[in-house]
Amino acid sequence: MTTTKAWLRERSELGVSAVLVVLGVVVLVDALRIHTDFAQRGPVGPKAVPILVGSLLLLVAVLLARDVLRGGRGEAEGGEDVDLTAPADFRTVLLLCGAFLANAALIGVVGFPISGAVLFWGAAYALGSRHFVRDPLIAAGLSVATFLVFNNLLGVPLPGGPLMGVL
Amino acid sequence: MFQQLMDGFATALTPTHLAMAALGVLLGTAIGVLPGIGPAMAVALLLPVTYGLEPTGAFIMFAGIYYGGMFGGSTTSILLNTPGESAAVVAAIDGNPMARKGRGSQALAAAAIGHFIGGIIGTTMLVLLAPTVAKYAVDIGAPDFFAIMVLAFIAVTSVLGASRIRGVASLLIGLTIGLVGLDEMTGQQRLTFGSLHLADGIDVVIVAVALFAVGESLWVAAHLRRTTSEAIPVGRPWLGRADLKRAWKPWLRGPFIGFPFGAIPAGGAEIPTFLSYVAEKRLSKKHRDEFGKGAIEGVAGPEATASASAAGTLVSMLTLGLPTTAVAAVMLAAFQQYGIQPGPLLFQRESSLVWGLIASLFIGLTLLLVLNLPLAPLWAKLLRIPRPYLYAGILFFASVGAYAVNADVFDLLVMFVIGVLGFVMRRYGLPVLPAIIGVILGPAAEQQMRRALQLSDGDLVGLVNTPFAVVVYVIIAVLLFFPLIRKLVRPDKPASPDREKIDV
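Listed in order, the protein sequences are those of chains Z and U.
According to the UniProt record's numbering, the first sequence is numbered sequentially starting from 1.
According to the UniProt record's numbering, the second sequence is numbered sequentially starting from 1.
Looking at chain Z on its own, in the form it has when it is part of the complex (with noise of 0.2 angstroms):
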């Protein structure tokens, strides 16, 4: 059971082929789903470049499970603040995405310059900024300024919310 595991860790890359299996059959099934029979011009209709796009992905899946079975993999890409050595962090991750989803959940209901304090002092706390007095008041800070920036001097609407309803 353990041997499959780490098997399967070793070879995790087998996901994105996976996922490109997945995105080749929804490409597929969609594409087979059109009907062509009236609305068509040219002889080349909205079906084809699908079919070939679908079979394609299907292709290329099983060429990279083929190299990733032959012991091929993928680089993962460095960067200046990327540190490769350090096993992959996904609680920073899933809290990151928690607060990114927040801002989506929030901005419609409370509007912008209070979600995206929200965005930007949770961000700033998954990846370990931990100044309870700073943090918070940055993130309002750039939160309001960003939205009379935008809103005001840009001409570019953000949902101002009650919040700029009082103001």
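Since the hints were made in silico from the structure, they are not lab data.
A virtual CB, placed ideally from N, CA and C, is assigned to each residue, including glycine.
There may be inaccurate statements among the hints.
[Said to hold, decoys possible] Derived list of chain Z stretches under chain U, where covered just means 3 residues or more per stretch with a C-beta under 8 angstroms from a C-beta of chain U:
hint: 1; stretch: 68-76
hint: 2; stretch: 81-93
hint: 3; stretch: 96-104
hint: 4; stretch: 108-120
hint: 5; stretch: 126-132
hint: 6; stretch: 145-158
[Claimed, not checked] If you anchor each label on the Cβ, the simulated ranges turn out as follows:
hint: 7; chain 1: U; residue 1: Gly187; chain 2: Z; residue 2: Ala6; range: 50 to 60 angstroms
hint: 8; chain 1: U; residue 1: Ser352; chain 2: Z; residue 2: Leu137; range: 43 to 53 angstroms
hint: 9; chain 1: U; residue 1: Gly187; chain 2: Z; residue 2: Ala105; range: 25 to 35 angstroms
hint: 10; chain 1: U; residue 1: Pro386; chain 2: Z; residue 2: Leu69; range: 39 to 49 angstroms
hint: 11; chain 1: Z; residue 1: Leu69; chain 2: U; residue 2: Leu128; range: 50 to 60 angstroms
hint: 12; chain 1: Z; residue 1: Glu10; chain 2: U; residue 2: Ser352; range: 54 to 64 angstroms
hint: 13; chain 1: Z; residue 1: Thr85; chain 2: U; residue 2: Leu484; range: 18 to 28 angstroms
hint: 14; chain 1: Z; residue 1: Ala48; chain 2: U; residue 2: Leu413; range: 25 to 35 angstroms
hint: 15; chain 1: Z; residue 1: Arg33; chain 2: U; residue 2: Val470; range: 29 to 39 angstroms
hint: 16; chain 1: U; residue 1: Lys381; chain 2: Z; residue 2: Arg130; range: 18 to 28 angstroms
hint: 17; chain 1: Z; residue 1: Val109; chain 2: U; residue 2: Ser352; range: 37 to 47 angstroms
hint: 18; chain 1: Z; residue 1: Glu10; chain 2: U; residue 2: Glu54; range: 48 to 58 angstroms
hint: 19; chain 1: U; residue 1: Ser352; chain 2: Z; residue 2: Leu69; range: 56 to 66 angstroms
[Stated by the list, open to error] Sample of chain Z residues with no beta-carbon within 12 angstroms of chain U, all distances over it, derived:
hint: 20; residue: Thr3
hint: 21; residue: Thr4
hint: 22; residue: Ala6
hint: 23; residue: Trp7
hint: 24; residue: Leu8
hint: 25; residue: Pro162
Got chain Z; can you put chain U on it based on the hints?
Only chain U this time, still in chain Z's reference frame:
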């Protein structure tokens, strides 16, 4: 043409437009200097700033952002030894040792002036070349365009990156995203799953910001380096007589290496900056042993090359609608945002906009030099930004940008999903650029192919019935079989596991 350029300057030199160019340069440099943010991400993040502006003003600002972002990247390279983008990798080789020896000011000055000279020469070549290319490109038809786009697909997957199969996988993911929405020719829904939000397709800006900004933030979060390297403090950039004497020739040579590479598919700045570095090392007789330890030529040449290559990128972007780099891909998305389709007709239909943009490239470069030399110490301070704030800020502005496109929460969710995809791609070595190129060029390539086949009544010969298309397909064949040819020439190399041929 000269008259049009002068008209362009008249457009660009109004006080409002001048202010926008200055703002663009400052914003572009400030964002580009931030560690972890390359020019493509800088441009993508700053896109929403221009949404409320009229097209001419927006693109004038954009020109400033573009060159500012490029310049900002090299500052990071020199002072932190951590290039924010591939074009600035070479600048770190000698720039950082210079900074560590206390010659940071000179390195920054060599880079700034190199950018200025490279940009001016590159943009001049753009002025001379682009209208001619556009004039010939007007006559090329659907099969030719399709061939060029196939070339872009093949080049981006097989020239760049370590693994061809992973590049192709990335391209196909991009093509799939590009399929979402109504089919332009018949109005049939594809991959919309009945959702009205998806019927208009997924905005390229959202895809770009998701892959570059959200994907990168999540990826960095998983492996955040807890101890960040210290930036080297620096004073006001200046150059002494001895340095000037060493740097002026590399400045002038670089652009002629960079410009042509910028204009070809998958060219970009990586290869030419490296070539320029090697060339300067070869040509330097007195200081050859200094290379790698802080030779000013090794900063001056590649930086001028990178800047000229950025101008070269604009030739194929403006005249053919063909993005050759990630930044160009984002710029193309910006054009589409305004309903403007770059291509051969752009110079006729949007003449004042194009020439205004070109004129503001010259103005932006000049502002860049004037503003950035005195502001360099300030930019250097930006390198010390705490990493939690930096990546929180990236996510924050990515959200602003995605939401501002349509004022729709659905777009934030789409961006999140594609951002997670970007994370997975980084983890498993799938390059991001092919996906972006696929999203942008995929729909256009499909239209051209269908148009070509319509003309030939479904006969596949319709795709290869022009000499131009045939030449392009020969180039594609060479690219495809290059690994095979190399293996025949040097058979002793062990077979790499990713040498699959791709069915086009």
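Open item on the list: Within 50 to 60 angstroms: is that where the Cβ-Cβ distance between U:Gly187 and Z:Ala6 falls?
Closed with: 52 angstroms, holds
Task: Minimum Cβ-Cβ distance from Z:Pro162 to chain U exceeds 12 angstroms - done: 17 angstroms, holds
Task: Claimed clearance of chain U by Z:Thr3, with the beta carbon kept past 12 angstroms - done: Since the minimum Cβ distance to chain U is about 23 angstroms, Z:Thr3 lies beyond 12 angstroms and the statement holds.
Open item on the list: Quick check on a hinted range of 48 to 58 angstroms for Z:Glu10 and U:Glu54, using CB atoms only.
Closed with: 56 angstroms, holds
Open item on the list: The hint says 18 to 28 angstroms between U:Lys381 and Z:Arg130; measuring C-beta to C-beta, is that right?
Closed with: 23 angstroms, holds
TODO: Mind checking the hinted window 18 to 28 angstroms against the Cβ distance between Z:Thr85 and U:Leu484?
DONE: 36 angstroms, violated
- [ ] Quick one: see if chain U covers the stretch 96-104 of chain Z, three-plus residues with Cβ-Cβ under 8 angstroms.
- [x] holds (count 7)
Open item on the list: Taking 8 angstroms as the Cβ threshold, is the statement that the stretch 68-76 of chain Z is covered by chain U upheld or broken by the three-residue rule?
Closed with: holds (count 7)
TODO: State, for the Cβ atoms of U:Gly187 and Z:Ala105, whether the hinted interval 25 to 35 angstroms holds or is violated.
DONE: Given range 25 to 35 angstroms: holds, Cβ gap about 34 angstroms.
TODO: Compute the least Cβ-Cβ separation between Z:Thr4 and chain U, then decide whether it is above 12 angstroms.
DONE: Holds, because the least Cβ-Cβ distance between Z:Thr4 and chain U comes to about 21 angstroms, which exceeds 12 angstroms.
Task: Status of the given 37 to 47 angstroms range, CB of U:Ser352 versus CB of Z:Val109 - done: At 44 angstroms between Cβs, range holds.
Task: Pairwise beta carbon distance, Z:Leu69 to U:Leu128, judged against the given window 50 to 60 angstroms - done: Because 53 angstroms falls inside the window, the suggested range holds.
Hint 13 from the list above is the single one not met by this structure.
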